[in-house]
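Undergrad: Below, each chain spelled out in residue letters.
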Amino acid sequence: MHKPRHYITLLAFGFAAIIVLLLQLVLGSVHVPMATVWDTLSGANTDPVFNEIILNGRLPSAIASLLAGAALSISGLHMQILFRNPIAGPYVLGISAGANLGVACLLMLSGFISANSILYTLFANEWSISIAAALGAAVVFSLIISTAFRIRNVVSLLIIGLMLGSAIGALVELMEAFASKDELRAYVLWTFASFRQVTMSQVYVMGFIFAIGLALSLYLIKPLQAMLAGEQYAITMGINVARTRRMVVICTALLAGSITAFCGPVAFVGLAVPHICRMIFRTSDTKLLTIACLTLGALICATCSLIATLPGSERALPLNVITSLLGAPYVVWLIYSRSKTM
Amino acid sequence: MLQLQQLTLGFEPTRHLIQDVQATTTAGDCIALFGLNGTGKSTLLRTIAALQLPQSGHVLLNGTDVNAIGAKQRASQIAMVLTDRIEADYLNVRDAIALGRIPFLDWTASLKQEDNRIISEVIAKLSLQPFEQRFIQSLSDGERQRVMIGRALAQEAGLILMDEPTAFLDYRNKEAIFRLMKQIAEDMRKVVLISTHDLEYALQHCNRFWIIQQQQFFDTRDPAEARKILMAV
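Residue numbers (my numbering), protein chains in the order written: chain B, 1 to 342; chain S, 343 to 575.
In short, the hints are calculated from the structure, not lab data.
Glycine is no exception: its CB is placed at the ideal position from the N, C-alpha and C atoms.
Be careful, since some hints might not be right.
Stated by the list, open to error - In silico DSSO-like links for lysine-lysine, alpha-carbon gap of 30 Å or less:
#: 1; chain 1: B; residue 1: Lys181; chain 2: B; residue 2: Lys3
#: 2; chain 1: B; residue 1: Lys287; chain 2: S; residue 2: Lys570
#: 3; chain 1: B; residue 1: Lys287; chain 2: S; residue 2: Lys414
#: 4; chain 1: S; residue 1: Lys454; chain 2: B; residue 2: Lys3
#: 5; chain 1: S; residue 1: Lys414; chain 2: S; residue 2: Lys570
#: 6; chain 1: S; residue 1: Lys414; chain 2: S; residue 2: Lys454
#: 7; chain 1: S; residue 1: Lys570; chain 2: S; residue 2: Lys524
#: 8; chain 1: S; residue 1: Lys524; chain 2: B; residue 2: Lys3
#: 9; chain 1: B; residue 1: Lys287; chain 2: S; residue 2: Lys524
As the list claims (entries may be wrong) - Across the chosen pairs, the derived CB separations fall in these ranges:
#: 10; chain 1: S; residue 1: Gln555; chain 2: B; residue 2: Ile280; range: 53 to 63 Å
#: 11; chain 1: S; residue 1: Asn549; chain 2: B; residue 2: Tyr330; range: 50 to 60 Å
#: 12; chain 1: B; residue 1: Gly169; chain 2: S; residue 2: Gln555; range: 50 to 60 Å
#: 13; chain 1: S; residue 1: Glu528; chain 2: B; residue 2: Arg246; range: 37 to 47 Å
#: 14; chain 1: S; residue 1: Gln345; chain 2: B; residue 2: Ser142; range: 21 to 31 Å
#: 15; chain 1: S; residue 1: Trp449; chain 2: B; residue 2: Ile280; range: 49 to 59 Å
#: 16; chain 1: S; residue 1: Gln557; chain 2: B; residue 2: Trp333; range: 48 to 58 Å
#: 17; chain 1: S; residue 1: Lys467; chain 2: B; residue 2: Pro329; range: 24 to 34 Å
#: 18; chain 1: S; residue 1: Gln345; chain 2: B; residue 2: Ile280; range: 22 to 32 Å
#: 19; chain 1: S; residue 1: Thr366; chain 2: B; residue 2: Tyr330; range: 34 to 44 Å
#: 20; chain 1: S; residue 1: Gln415; chain 2: B; residue 2: Arg150; range: 24 to 34 Å
#: 21; chain 1: S; residue 1: Asn379; chain 2: B; residue 2: Arg246; range: 31 to 41 Å
#: 22; chain 1: S; residue 1: Phe353; chain 2: B; residue 2: Leu325; range: 23 to 33 Å
What the hints assert, rightly or not - Covered stretches of chain S (in silico footprint by chain B; criterion: 3 or more residues with CB under 8 Å from a CB of chain B, positions within the stretch not fixed):
#: 23; stretch: 439 to 451
#: 24; stretch: 540 to 546
Can you make the complete structure from the sequences, with help from the hints?
TA: This is the structure we're talking about:
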């Protein structure tokens, strides 16, 4: 049963996320006053420098941070329910490993592609990294999915994911050994994840895919609630479990896949936020947790992104440094506290 | 209400677990299903619940084949208590029982007033009020099993199937569960079918006995006869 304090908390998260979004527009290496931000957003500002900073720089990256947080958190929630495993996250099905491989191939093997070839034209634009990440993710994701539901033992599945991740890591290291300094640097920067390079046209694509993923997530509320009791119980309660699994997989591919393709593999958010939501609301209600992941995920990711920009400084920290510094101790604590209750 | 018509169960076309099972239940039946491991108790329960198909024959529920009715309608007629443990974090007793209302909820899974009334009644019936807000992971095995029975009751089905519900319980809880199920069958005019190895408790509390032994199916209401069949091997 939902209580008034739940609605108030959700509203507070949503409100805070909007505040952080605005702060992301105001703060940065150059301080832009709130009034100027507002004028720029409403079209009243004619200064091309501010227009460039706000509309083409900070706005798309701020919106991307909100979308990423919401999408990865909802996707993490789905994976944790589907696999009945608290340490499952949006990347358990190989999306991150696959995207890494795709981008590594693009950045470190591109020297082998002739500058005149069709491949070069296809991959030498603002979409190139996203396309490579999406292709890599799709290949590895399909590989894991094809084995996933033949193996009913979740632990085995997680081990397969881990092994595949190690194999891909080895492949990437092999490429690194032969890569130039610049290629290596470009690849390592990508693995840190960032919202800063996201363009407005990419935000439209992300937003569109997110909307489809979110609609699917809402449709999945009831079947996933039944799956809390386990698949066998869900079947006896009239749920089509096979269809639910397929839909969750499609939803993860859309939500986590699109974010990873445009922003890189954002660490810990998808794993940690569903747990934080459960602890705050002290519930396992899928509907409430979906909305909580949407708002709190957006808030946390946007806040990490804001901290990573080191407002007022010329430098910026890699996003994953912030998410990992906050996320890793949390996950350790989570495992510790669970081991005490078992 | 539940009719088994010339039911043959098994996994391979030539290997049958049991053949030509014939039985008809009446409201108030609290049936214990006996048989050694691997004789087909769980297969029979799963076939009745339409989780798997029979090799031949029919399972009829109020005159209709269980495999011919839709999954949602079936869920309103058959509830199951399985051996699977629910491990969800932050799932309290009330919400766990509320899971039984899922077949009747819209896509948002929101509970209506009627659903809440039914859940409260189940909680009262099973004397779970003191635990209502406790998380199921903090409950003992016996308390958990009562919650799972509550979830099945909230489904308001006429037939409740239970797969070894007392397997992990101590003697006091075994006794309590059988007593409770007999009471539920009699008071609520339901049919309860319990697969079990706890002969003494079942013979004492159930009012009907189905036995699968050496690929044969026996159906009796007499505990002494049931004991004789069981001891014949």
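Undergrad: Decide, hint by hint, whether the structure agrees.
TA: Evaluation of the provided hints:
A threshold of 30 Å between alpha carbons decides the hint, and for lysine 181 of chain B with lysine 3 of chain B the separation of about 56 Å lies outside it, so the pair is violated. For the hint pairing lysine 287 of chain B with lysine 570 of chain S, the CA-to-CA distance comes to about 53 Å; that exceeds 30 Å, so the pair is violated. Restraint check for lysine 287 of chain B and lysine 414 of chain S: the C-alpha separation of about 21 Å stays at or below 30 Å, so the hint holds. Taking the CA atoms of lysine 454 of chain S and lysine 3 of chain B, the gap is about 15 Å. The hint holds against a cut of 30 Å.
This hinted pair does not check out: lysine 414 of chain S and lysine 570 of chain S have alpha carbons roughly 41 Å apart, beyond 30 Å. This hinted pair checks out: lysine 414 of chain S and lysine 454 of chain S have alpha carbons roughly 18 Å apart, not beyond 30 Å. Between lysine 570 of chain S and lysine 524 of chain S, the direct Cα distance comes to roughly 22 Å. Compliance with the 30 Å bound is thereby established for this hinted pair. For the proposed pair lysine 524 of chain S and lysine 3 of chain B, the alpha carbon gap of about 37 Å is over 30 Å, so the pair is violated.
Restraint check: the Cα-Cα separation between lysine 287 of chain B and lysine 524 of chain S comes to about 36 Å, which exceeds 30 Å; the hinted pair is violated. Checked against the hint of 53 to 63 Å, the C-beta distance between glutamine 555 of chain S and isoleucine 280 of chain B comes to roughly 55 Å, which is consistent with it. Asparagine 549 of chain S and tyrosine 330 of chain B have their C-beta atoms about 54 Å apart, which keeps the hinted 50 to 60 Å range intact. The supplied range of 50 to 60 Å is met by glycine 169 of chain B and glutamine 555 of chain S, whose beta-carbon atoms lie about 57 Å from each other.
Here the CB-CB span from glutamate 528 of chain S to arginine 246 of chain B is close to 43 Å, well matched to the stated 37 to 47 Å. The beta-carbon spacing between glutamine 345 of chain S and serine 142 of chain B, approximately 46 Å, falls outside the hinted interval of 21 to 31 Å. A hinted range of 49 to 59 Å for the beta carbons of tryptophan 449 of chain S and isoleucine 280 of chain B is inconsistent with their spacing of about 25 Å. At roughly 55 Å, the beta carbons of glutamine 557 of chain S and tryptophan 333 of chain B sit within the given window of 48 to 58 Å.
A beta carbon spacing of about 46 Å between lysine 467 of chain S and proline 329 of chain B contradicts the range 24 to 34 Å that was offered as a hint. In this structure, glutamine 345 of chain S and isoleucine 280 of chain B break the distance hint of 22 to 32 Å, their C-beta atoms being roughly 51 Å apart. A beta carbon spacing of about 58 Å between threonine 366 of chain S and tyrosine 330 of chain B contradicts the range 34 to 44 Å that was offered as a hint. Distance hint for glutamine 415 of chain S and arginine 150 of chain B: a CB-CB separation of about 31 Å, consistent with the stated range 24 to 34 Å.
Taking the beta carbon of each, asparagine 379 of chain S and arginine 246 of chain B are about 34 Å apart, inside 31 to 41 Å as hinted. In this structure, phenylalanine 353 of chain S and leucine 325 of chain B break the distance hint of 23 to 33 Å, their C-beta atoms being roughly 54 Å apart. Chain B is given as covering the stretch 439 to 451 of chain S, and this holds because 9 residues of the stretch bring a CB closer than 8 Å to a CB of that chain, at least three being needed. Look at the stretch 540 to 546 of chain S against chain B: 0 of its residues bring a Cβ nearer than 8 Å to a Cβ of that chain, fewer than three, so the hint is violated.
Checked against the numbered hints above, the structure violates hints 1, 2, 5, 8, 9, 14, 15, 17, 18, 19, 22, 24; every other hint is satisfied.
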